[in-house]
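Protein chains in written order, with my numbering: chain A, 1430 to 1785; chain B, 1430 to 1785; chain C, 1430 to 1785; chain D, 1430 to 1785.
Keep in mind the hints are simulated off the structure, nothing from the lab. Some hints could be false.
[To be verified] Chain B is nowhere near these chain C residues, computed Cβ spacing over 10 Å in every case: (1) G1461; (2) V1475; (3) G1477; (4) P1579; (5) E1583; (6) I1593; (7) A1695; (8) M1698; (9) Y1703; (10) E1726; (11) T1737; (12) V1758; (13) Y1784.
[Unchecked claim] Below, in silico cross-link-like pairs of lysine-lysine (DSBU-like), each with a Cα-Cα straight-line distance of 35 Å or less: (14) K1539(D) <-> K1718(A); (15) K1539(C) <-> K1718(B); (16) K1718(B) <-> K1539(D); (17) K1718(C) <-> K1718(A).
Even glycine gets a Cβ: it sits at the ideal position worked out from N, Cα and C.
Number of protein chains: 4
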Amino acid sequence: MGLKSQDYLRDASGVRRKNVLMTIRVGLIGAGNIGTSHARDLSTRVAGSTVSVIYDFDEARARELAAELDARAVSSYQDVIAAADVDAVLIASPDQFHAEQALACLAAGKPTLCEKPLSPSEAGARSVLDAEVALGRQLIMMGFMRRFDPGYVELKGGFGPAGIGEPLVIRNSHRNEIAPYGLDSAMSITNAAIHEIDINRWLTDDEYAWVEVLTGRNGPLTPEGQHDPLFLLLKTTQGTIIDIEMFVQSQLGYEVTCAVTGGLGAAEMADGSYVTTSRTLHRGHDLPKQWLGRFQEAYRLQLQAWITHLTDGGPLPGASTWDGYVGAVVANRAIESLRSGQRVAVTLPPRPALYA
Amino acid sequence: MGLKSQDYLRDASGVRRKNVLMTIRVGLIGAGNIGTSHARDLSTRVAGSTVSVIYDFDEARARELAAELDARAVSSYQDVIAAADVDAVLIASPDQFHAEQALACLAAGKPTLCEKPLSPSEAGARSVLDAEVALGRQLIMMGFMRRFDPGYVELKGGFGPAGIGEPLVIRNSHRNEIAPYGLDSAMSITNAAIHEIDINRWLTDDEYAWVEVLTGRNGPLTPEGQHDPLFLLLKTTQGTIIDIEMFVQSQLGYEVTCAVTGGLGAAEMADGSYVTTSRTLHRGHDLPKQWLGRFQEAYRLQLQAWITHLTDGGPLPGASTWDGYVGAVVANRAIESLRSGQRVAVTLPPRPALYA
Amino acid sequence: MGLKSQDYLRDASGVRRKNVLMTIRVGLIGAGNIGTSHARDLSTRVAGSTVSVIYDFDEARARELAAELDARAVSSYQDVIAAADVDAVLIASPDQFHAEQALACLAAGKPTLCEKPLSPSEAGARSVLDAEVALGRQLIMMGFMRRFDPGYVELKGGFGPAGIGEPLVIRNSHRNEIAPYGLDSAMSITNAAIHEIDINRWLTDDEYAWVEVLTGRNGPLTPEGQHDPLFLLLKTTQGTIIDIEMFVQSQLGYEVTCAVTGGLGAAEMADGSYVTTSRTLHRGHDLPKQWLGRFQEAYRLQLQAWITHLTDGGPLPGASTWDGYVGAVVANRAIESLRSGQRVAVTLPPRPALYA
Amino acid sequence: MGLKSQDYLRDASGVRRKNVLMTIRVGLIGAGNIGTSHARDLSTRVAGSTVSVIYDFDEARARELAAELDARAVSSYQDVIAAADVDAVLIASPDQFHAEQALACLAAGKPTLCEKPLSPSEAGARSVLDAEVALGRQLIMMGFMRRFDPGYVELKGGFGPAGIGEPLVIRNSHRNEIAPYGLDSAMSITNAAIHEIDINRWLTDDEYAWVEVLTGRNGPLTPEGQHDPLFLLLKTTQGTIIDIEMFVQSQLGYEVTCAVTGGLGAAEMADGSYVTTSRTLHRGHDLPKQWLGRFQEAYRLQLQAWITHLTDGGPLPGASTWDGYVGAVVANRAIESLRSGQRVAVTLPPRPALYA
């Protein structure tokens, strides 16, 4: 990332130390559940990083986290981005602010890890894409952390002639116990199913040709006028058929599965549970209540990859602004389908050379 | 079934014996793999039955099986149906002969177990339905043996308020290693996916509103002009969304799974494997090469239920001619969808009172 | 079994029918849980058998079952054995009566299926062994039904050079939810662990060199002066090391597992469950409350093998009196070890030629 | 660990930065497989550490790793310990050098992470214990990394009244594909089973009363005069019965399992595999070839806990010198049992107050 020479440090013995030199000072925008988890990881579980500046709409919350992590709280996201001791920015604010804040990071030339989605709206996502293309270099990495999950990585690693062949059919389940902020079917797509929209592009190295959202029998907790579960059906340009069962109020816990039928075999990803218990007429394992229980390690690995990339250089190790933009486009076509009941074609502009 | 009094037998001690009395003498039409398996079950693993008469197009094969089972071979299927020592008929001939032979059994008034499908054609299935309705009593049981499979029975038993709730989404996989007689996509529906078409009606106690067949990337063994895997999408009148991945040349073995998302939880049916083996960097269990390896017990239980029904009376314990007819209708709508690329509505005549 | 020619029957059409001819009329001694289950299987789920005569200490229970199965109740076990319409006897009385009743069956020359154990005492078991040897032919089959369980059969079938190699270490767990009639540690061996004592001989085709019973921390439901779980340690003459965890009041349900380490790999037998369910923060499958839930199929297969053997002849298909005797010897050495805290050698007389 | 004030650093902006301050400079003794893995973790995957100095018997190997990690190579282990830019030492040399090097670290007052075992000999382990007790503070953490493994942690977390109750019986399997340096039965205990000897003390919070090693049928790759698998039997002072199947040349891959029977239920730890694959008549998951494939995450978590402890203070987060000493005692009693064929009592000196 081009740290300047004055950033070089020497310790008390005068020895130049690589890791000391390269410590990335991260500024955090948004100190909710996920922002707090990220900040703790960066401070205590990731090599080469520290958290220096924190902003949250709830200022007390920002101050409390800053005290815990030996950082300082500021009173606007702009102050985070502008701070001299912020080498890179992590955006973990509510979805609707992501695009605006990402644009400000681009303007300031600061590397950014932006939580998904890039924007709930296609226009918002497009504005960030255009700005980064105009800038001419990739500063933004999208927080599609499943690309770092050991389960998905192992799954994709098993494709090909030595494994299960090419993916022909992929079936995804994404279940939450309860929607934390109430259920809105459009948000089930832009905020939750967006993970599957991204990870299946990544699994197939392909783009979608069309998307359709089917609704049917609702679960018992579905409010009037909403649909849950949703059943998303997609087909890629090469013909892989993909479905996503998105069940936000499933009541059963947090469960993510992905089953792939390949040309030479089949593979299913479950949750990597270690312990099977037999008790009171049942044998099995516990399910986590929330996504951090399943994807904690993926989040940490994503942060480590980002920090290592910032210190060592090389190509962006995770999802790009282009990936964030495509996610927004597909999610919005899915919402159109949800409303019209029709299958909707997905059309994308040419992929800019920056993301080749 | 109304055995006549002269059928009563007494043993050497003069004691009237229920099971001896009630032995059902079955005539077999078709002595291929499945017919031979059924005949051996009836002779040696089912209470209350014997095989008395056997016909096969290959007369040597019929004679050989007859010798093994102490039965006699005849030279036409009509001779099976007409034989005085045939109390009931089992049709296990090629698909295209089922309807004609079932009609002959109805004409002769002989109880019949007919292998699926009732007919590859809708008209063929309809002719049998009409004949049985005209007769006014149910003589035909359809060989949809999955209704007797311990796995599916346990799966359905877990629905409802004490279990996973009502079924909202059901996803089925049906994979063969290799299509034994070559691959024909329409036959993948009428001969193979017909099992899922039936079992999902049974699981949901519902009828289908529409069916669509999606095709996409083919497996490496798919001949020119055919599609494999097929992806069938169905919706029931109450809104349950169902998909079926039908992969006839999957190369991986015989594997049937069914995953149900209910309003209160989720359940998956696998193959009831007993033994997990660790060897040479792998831990898992073997898959059978063929359906008999997975459903052998379901076939036996179906035969036992049929024989017990014939001796003890009571309602038909398995699928009816109506079920066979509906299967044929849905399969033919699916073939239309395969050819047109369109979603096709399923419309059924009113269910005759005979099958209420 | 040498049915005499007058037993041949012909049906109303004059056709000689194998299965009709060969129907074995079974007399039942003991109509408790397992006896009732066996009788229903013989009447309705096993080819070639019927139940003709029933005795139970509780005469009303015998009459009720007899009415259900079209059999007749008698007032002593001797009347069962002596009945003209009893071709074979099934002993399902309490353990302490098995030997005496088996001796009476031998004296009457009637083929017998004797529930395990042959006797809780070594002397009792020896008396039956001696009597059968004196008779010079095998009339008794021991009800060690696990030899017919699809799980154990698959496990043993995976031994050898094409599988996991020869068995080097075997670890067994046998857990009940609650001991139905109270807990007595010696009875945990003679009545429950006797299954593992037998099945591991069968798995290894070997005899035991010594046995030791370890006790340690008890489960919370263990009465004063008793031990539960027990940990049995055995070594075979060829050196296979075997342990058995026998936990009669485990509270978790009925669970039987067997894990084998072979020279080329390892294999574990579980319960062949079909359905995995996710609900309320847990994913897994139900455990049965009782052994019939796990071994129902093994019991049926054992009865079918016995009946088929009686009609078709050939060697005894299950455990012999010798197996019953060895089980009693090993169980009694185990009780000695439980009491003395010492490892106890197992010594057996030469195997009689009858059981070669 | 009491870093002195001159260690405080400020970056170019003059901001005092916690993580920069606290970077622990680790000196590595031994750059084989495990040492190299540790060094890479410390440099690139652990927060707050760097590797500054490296020694290996093979000097070229040390230089190569030093170049990769921006460290420097030295020509003796004493030079590592004495270096001004080494805050803490990691011992990853061959087993027989651990005690001598740990003593040197104690003499230099440098915090140390010592790979297991503390020593193959009881006397060696005792000398380190005595020296640390004399020093009066804990400087050594033993590399029993399974205490950090998510699987074992989840397993132990399920004990108690809300879970499976107290552990009554524990059965462990530890299998390698091939012994990398040849098979020596005593070394199977001191180098491999030492993991189970430690982890079962940790699981039970208890000490062993006795140990016995049984040998029996050997695997096909066992050299003359050696034994493989070994079957270790242990009982704790509170009566928990523990066995360990240690199979160094199992040929099946690296597999570690731990099955616990508790007073209220049972639990089994497997390998946390994510992906199940169906291919060519088999369904299952791959096994790793080596321990790093299974315990990579445990190693990283152990290192992070150690580094965080060194920067933040607090009690030692992992195994202590006392744990290392007890492991050596039990391993040596096990070797006595292996040689004598007898059960051997385990007696320990009183636990020094330092480890209370």
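The hints, checked one at a time:
1. G1461: holds, 22 Å
2. V1475: violated, 5 Å
3. G1477: violated, 8 Å
4. P1579: Its Cβ does come within 10 Å of chain B, the nearest being 6 Å, so this is violated.
5. E1583: violated, 5 Å
6. I1593: violated, 6 Å
7. A1695: For A1695(C), whose nearest Cβ neighbour in chain B is about 4 Å away, the distance does not exceed 10 Å, so it is violated.
8. M1698: violated, 5 Å
9. Y1703: With a cut-off of 10 Å, Y1703(C) comes too close to chain B, as the shortest Cβ separation is near 4 Å.
10. E1726: Check fails; 8 Å does not lie beyond 10 Å.
11. T1737: The claim breaks: T1737(C) does not keep its Cβ more than 10 Å from every Cβ of chain B (closest is about 6 Å).
12. V1758: At roughly 30 Å from the nearest Cβ of chain B, V1758(C) sits farther out than 10 Å, so the non-interface label holds.
13. Y1784: Holds, since 27 Å exceeds 10 Å.
14. K1539(D) <-> K1718(A): violated, 43 Å
15. K1539(C) <-> K1718(B): Roughly 43 Å between the alpha carbons, so the hint for K1539(C) and K1718(B) is violated.
16. K1718(B) <-> K1539(D): With Cα atoms ~62 Å apart, K1718(B) and K1539(D) exceed 35 Å; violated.
17. K1718(C) <-> K1718(A): holds, 29 Å
Comparing the model with each numbered hint stated earlier shows that hints 2, 3, 4, 5, 6, 7, 8, 9, 10, 11, 14, 15 and 16 do not hold.
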